[in-house]
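Enquirer: Protein sequences appear in the order of chains A, B, C, D, E, F, G, H, I and J.
FYI, the numbering for the first sequence is 1117 to 1264, going by the working numbering.
FYI, the numbering for the second sequence is 1117 to 1264, going by the working numbering.
FYI, the numbering for the third sequence is 1117 to 1264, going by the working numbering.
FYI, the numbering for the fourth sequence is 1117 to 1264, going by the working numbering.
FYI, the numbering for the fifth sequence is 1117 to 1264, going by the working numbering.
FYI, the numbering for the sixth sequence is 1117 to 1264, going by the working numbering.
FYI, the numbering for the seventh sequence is 1117 to 1264, going by the working numbering.
FYI, the numbering for the eighth sequence is 1117 to 1264, going by the working numbering.
FYI, the numbering for the ninth sequence is 1117 to 1264, going by the working numbering.
FYI, the numbering for the tenth sequence is 1117 to 1264, going by the working numbering.
Hints are not guaranteed to be accurate.
[What the hints assert, rightly or not] FRET-style restraints, in silico, Cβ to Cβ:
no., chain 1, residue 1, chain 2, residue 2, range
1, B, Ser1119, A, Met1117, 51 to 57 Å
2, A, Gly1226, B, Ser1119, 43 to 49 Å
3, D, Gly1247, A, Pro1245, 22 to 28 Å
4, C, Lys1164, D, Glu1143, 49 to 55 Å
5, H, Val1242, G, Asp1227, 54 to 60 Å
6, I, Gly1177, B, Ser1119, 29 to 35 Å
7, G, Asp1227, B, Ala1172, 20 to 26 Å
8, F, Pro1148, C, Ser1240, 35 to 41 Å
9, F, Thr1163, G, Ser1119, 44 to 50 Å
10, D, Lys1164, F, Gly1177, 22 to 28 Å
[Unchecked claim] Calculated pairs, PhoX-like style, for lysine-lysine (alpha carbon to alpha carbon, straight line, at most 20 Å):
no., chain 1, residue 1, chain 2, residue 2
11, G, Lys1131, A, Lys1131
12, E, Lys1131, I, Lys1164
13, F, Lys1164, F, Lys1120
14, C, Lys1120, B, Lys1133
15, D, Lys1131, D, Lys1120
Hints in this document: simulated from the structure, not taken from any laboratory.
Even for Gly, the Cβ is constructed at its ideal location relative to N, Cα and C.
10 protein chains.
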Amino acid sequence: MLSKGEAGEAVRLAKVKTGVTWAQLAEAVGRPLAWTTAALLGQHPMTKEEAATAAALLELGEDAALAFQLQPTRGALEAAVPVDPTIYRLYEVIQVYGPTIKELIHEQCGDGIMSAINFRLDVSRVPDPAGDRVVITLDGKYLQYQWE
Amino acid sequence: MLSKGEAGEAVRLAKVKTGVTWAQLAEAVGRPLAWTTAALLGQHPMTKEEAATAAALLELGEDAALAFQLQPTRGALEAAVPVDPTIYRLYEVIQVYGPTIKELIHEQCGDGIMSAINFRLDVSRVPDPAGDRVVITLDGKYLQYQWE
Amino acid sequence: MLSKGEAGEAVRLAKVKTGVTWAQLAEAVGRPLAWTTAALLGQHPMTKEEAATAAALLELGEDAALAFQLQPTRGALEAAVPVDPTIYRLYEVIQVYGPTIKELIHEQCGDGIMSAINFRLDVSRVPDPAGDRVVITLDGKYLQYQWE
Amino acid sequence: MLSKGEAGEAVRLAKVKTGVTWAQLAEAVGRPLAWTTAALLGQHPMTKEEAATAAALLELGEDAALAFQLQPTRGALEAAVPVDPTIYRLYEVIQVYGPTIKELIHEQCGDGIMSAINFRLDVSRVPDPAGDRVVITLDGKYLQYQWE
Amino acid sequence: MLSKGEAGEAVRLAKVKTGVTWAQLAEAVGRPLAWTTAALLGQHPMTKEEAATAAALLELGEDAALAFQLQPTRGALEAAVPVDPTIYRLYEVIQVYGPTIKELIHEQCGDGIMSAINFRLDVSRVPDPAGDRVVITLDGKYLQYQWE
Amino acid sequence: MLSKGEAGEAVRLAKVKTGVTWAQLAEAVGRPLAWTTAALLGQHPMTKEEAATAAALLELGEDAALAFQLQPTRGALEAAVPVDPTIYRLYEVIQVYGPTIKELIHEQCGDGIMSAINFRLDVSRVPDPAGDRVVITLDGKYLQYQWE
Amino acid sequence: MLSKGEAGEAVRLAKVKTGVTWAQLAEAVGRPLAWTTAALLGQHPMTKEEAATAAALLELGEDAALAFQLQPTRGALEAAVPVDPTIYRLYEVIQVYGPTIKELIHEQCGDGIMSAINFRLDVSRVPDPAGDRVVITLDGKYLQYQWE
Amino acid sequence: MLSKGEAGEAVRLAKVKTGVTWAQLAEAVGRPLAWTTAALLGQHPMTKEEAATAAALLELGEDAALAFQLQPTRGALEAAVPVDPTIYRLYEVIQVYGPTIKELIHEQCGDGIMSAINFRLDVSRVPDPAGDRVVITLDGKYLQYQWE
Amino acid sequence: MLSKGEAGEAVRLAKVKTGVTWAQLAEAVGRPLAWTTAALLGQHPMTKEEAATAAALLELGEDAALAFQLQPTRGALEAAVPVDPTIYRLYEVIQVYGPTIKELIHEQCGDGIMSAINFRLDVSRVPDPAGDRVVITLDGKYLQYQWE
Amino acid sequence: MLSKGEAGEAVRLAKVKTGVTWAQLAEAVGRPLAWTTAALLGQHPMTKEEAATAAALLELGEDAALAFQLQPTRGALEAAVPVDPTIYRLYEVIQVYGPTIKELIHEQCGDGIMSAINFRLDVSRVPDPAGDRVVITLDGKYLQYQWE
């Protein structure tokens, strides 16, 4: 039986072997692109049908399909601060702009947070004559500190 | 003379005293909202005119205006992992979705990164009948690994 | 002007000087006991009236009353792992029972979390012939992972 | 022979295979729900009978039953600060409310602690029209600092 | 007003100035030697009388006497692992013999701990022809893991 | 061939299988209880005879007997700060009383340390009507700082 | 199938076995020396042809050739601060000269960075009568902080 | 009297006030640009004459001139891993290319290191039609491991 | 009154002002060179006479003389791993040769340590035609692990 | 094929099996004692002949002989701060005497370091009526900071 993390590794290798893309997987599974990618990398549980569809497309076995359905223990970085440059840039954004985002949430909404649970994200390439851009949209429900 | 960080603290206190908002500061300075907030919190250098305008609106002195113009040593978190819940949620997004974002950048653009230098961000409140949402847009130029 | 943390220290000293209790402060302010304690220790913002009432009772000045109203940067531990034995026991509970709590939340509610934002807590002493007990109740809204 | 931790992993996998719930396991073993969950995850030793009952229900072998009886080296988090969001919220509660809990224990009981050894916990879902709630009750004997 | 830690520093300096010993302080206060030392270093609260006696003997003022009575936030090491050689040897004992002590507690008493709250310690010099010895006695109530 | 650590794990499992106690092992080996426990857990080297006796009693093979004789690289905790509650209490004692012990060693003996090399320890259960106690005695040679 | 890191280890061993040099590998592959070395150590993806050429020269199999083509998760140090002396000297250069380099980039170019993505490096031995020198050239595109 | 670090801060502020550049300082002092910058930031000791020249040009007093002459305790980063993006890119280069540089030093020179003591560095802006480049040259004496 | 650490800083500054060397201080005090240096940097307590002599030579006041006599809390590095290159090389020696030194102590002496308490050290410059050498001699009493 | 570290472990086990000493290995190999020990523990590369001689004496195979010749990635401690008492004492020496050694190198030689590359060390047992001593000699070339 595969752990959730081992299944995620198997997915990455199977993508190279089969040439299947994340977009094709998302379409087959019928869920949003980023959700499907996160789920197959071990961060969300899939339904039995979603898991079977993804495993079949990737030519993976029962073990992987079962692992896709497991409840994850989330958290995917190997260290507190990521070193891969593509991921580190996200951390840098928090270092440089984290307090800015906090101030603007408080000014626009009040004393609360953007939920990371009732949350969706999108990653897209946006053409630009000065060089194409990567636009990442973080979209979470506003949650107000609320005691009573 | 104030350090860049002390000037940022002075701004937060002056906002409480004067009731000036980030939005008013950005409009007076004539720069985008998030940029202005980040600059006044010590993450970007301002021009002499921008600094004077902001200091005047906040009823701060020469020291602050000078500090606003200094070249920053960037990085605003007090620890490697932020503990304030509003900021921590951003870190949680990297923990849960960082590898997902990396996979999608590579699939859509190639072997590269989203720049955090040629970069802008936006924070906005989006009305939603199921509860308003906070939408944070990270928008950076795609940079391909390029050796020769 | 006092920072939020300095105001919290001033509260603790003023309590010793004046003999005022957290229970009296909560009653005067008109908010729950634990909320009031947390707010005066710098973890919640108070309204102008609440702040004035608390400052008066503690014989503290304008500075403290202003600090009580400031938006906090939350997080009160001096290190990632607390060393004070009374607080450490809470950390020990997470070390020993954290995965248990996670399993039971997932079994009883689904794939989600207990909110720490839409959240209240209570601390009470419960008489017991075998030795009185401390009962701490953590009560947060269940939030389901929800993408679309 | 299985280590205590490996046995805990085997339990989680066997639950998926057999469909047995923590509640059924606790009822069969005849111990409280949270205690049974914690024990099977490797944080408490079981008696021979409890271990045999649990192993049988989960269709696990002798090795697992033996591991359930071992004296544990407790502590279940993989890092000092947990990254799984469901568990992290408990850590956030300590960061935001730890000193509040400490103050209230001292005000209500004196200079002492809530025991994490003479201790029980309960996790329950409480229906609420504004959204169901997760209520976690930490219930430990009060221990006074006592020298002579 | 002095913090608990500053008062502890003041005690160490006052001891050099006045020549008063910990043994004399303990006798005057009427409490055990190690308890008195720990209290004056900021790890236990004193009664008003104890505090006044100690402050007088050390020729310290009201501020110190008040600080001696405050409820401490305990924990005296500046880093997770102490570097002063006299204190480090205690840490080394845990590194080398910690699991041994755990095994022997479990064999002699059951599944439980030595309390560090219902606890007293003694430090004494024991003459020995092969070189005098330091004997440190840790004496805490046995606490059994107990759920129901 | 077994490493010293693997042999220690084998000892713990063999104790469960054979029912042999640390006390019986110490008596058979003819060395003090705590020394024998520490040695079998991998913190001291045994002589060939001691190793053979212990291995025979535990029904372990040549590999274990050889490992018992190896020179150890000492240090048994998996992290700088132990999380198992039974061992953590020892660390808490250093956090709360470390500077107290240091002061008393200096007052009673001079500028030096308690050796952790010329050192023995004892763990015993002491009956007490208010609840039995665990008494841990650390007994090390006093070593004075000595240059010339 | 080999991971990127395992393939890098296989390359180092194969170099010892076959006697092939990095320079020969770079020439065969037709890419710069440092790029080829980094790629084969797992920090860049190769094309199918480059991978096949390198694998053949090193007498490695299909697995390695496939791994050479995989998208890397970059970052090659085993700890945040490297301990190997040859690599540590580079870290020391950042500790001693990092702020100097920052000041000079800002003075010569403006508020920006040297890209580590649009980047190439060269390592060469330079003869010198007082002892040959190692000259490392870091050559990256200047990127200006740019918001709009 | 100023510490070496405080003098470095004073230099940065004085540069803003006086408009003097690092290039002008280096020319006045008569030493290389990067050396002079590093020295004034507190990483090298200056001669009395160099110190006096620099202090005069920056309109700083005796204290600063004295501090410039002090033997430094080197190391300028506030954390093990730098967070300022301009400096972080240098750390990223070590993460991605450190083992590459090590391999090439060993292949070209033998078992040794590039000295960071017998060492000089240069930072220059190189015009490039595709965007100007920052070229950093690290130039250190090769030191072979040598025992006898 | 000065702390031990502040007195050490005062010594370093006074040496620059007065031109007094460590060798002259050691000779005046009548103790070995390295001992005297360590004591004045805050790592050993001096007698009243030694302290007075050193303070007079350095033109420091009563405060410093008193601080020189205080019992130190030893440990002089600002971080667990030193970054100053002159001190780091000592750490590198432990990283590269620590296990070698351990093996040789065990082979030549038995299961024990070199004492760092009954210990002296010497630093000397040794002329060498191939470049002078720094020779550091660590000389500590051998202490055998000894239980009974 | 063995890694350098695995070969070092094999050496330690082979020494126990064969009874060969480090001194015999050094004599057979014809290199200094400490160098030979360090090399066989994985910190230096051996020539083909040295490796063959050592492997033969230790009755190890081709794999080990090959590993002895590999270029090492140096650094032998499992954590930043060693916990084995024999090795920790070396770290304690740096904590207590590191700044002393730095001051004396600077006073005797100038602004530079003791090389850890052009370096040799010796460990010897020196008879002493008050108890034999361990004398460790660190002997490295003095390197002056030198830019031009």
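Enquirer: All the hints need checking, so say for each whether the structure fits it.
Expert: Structure-based check of all given hints:
no., hint, in the structure
1, B:Ser1119 with A:Met1117: 51 to 57 Å, "56 Å, holds"
2, A:Gly1226 with B:Ser1119: 43 to 49 Å, "31 Å, violated"
3, D:Gly1247 with A:Pro1245: 22 to 28 Å, "47 Å, violated"
4, C:Lys1164 with D:Glu1143: 49 to 55 Å, "54 Å, holds"
5, H:Val1242 with G:Asp1227: 54 to 60 Å, "19 Å, violated"
6, I:Gly1177 with B:Ser1119: 29 to 35 Å, "32 Å, holds"
7, G:Asp1227 with B:Ala1172: 20 to 26 Å, "24 Å, holds"
8, F:Pro1148 with C:Ser1240: 35 to 41 Å, "48 Å, violated"
9, F:Thr1163 with G:Ser1119: 44 to 50 Å, "45 Å, holds"
10, D:Lys1164 with F:Gly1177: 22 to 28 Å, "27 Å, holds"
11, G:Lys1131 with A:Lys1131, "30 Å, violated"
12, E:Lys1131 with I:Lys1164, "16 Å, holds"
13, F:Lys1164 with F:Lys1120, "15 Å, holds"
14, C:Lys1120 with B:Lys1133, "15 Å, holds"
15, D:Lys1131 with D:Lys1120, "17 Å, holds"
Going down the numbered hints, you'll see the structure goes against 2, 3, 5, 8, 11, while the others check out.
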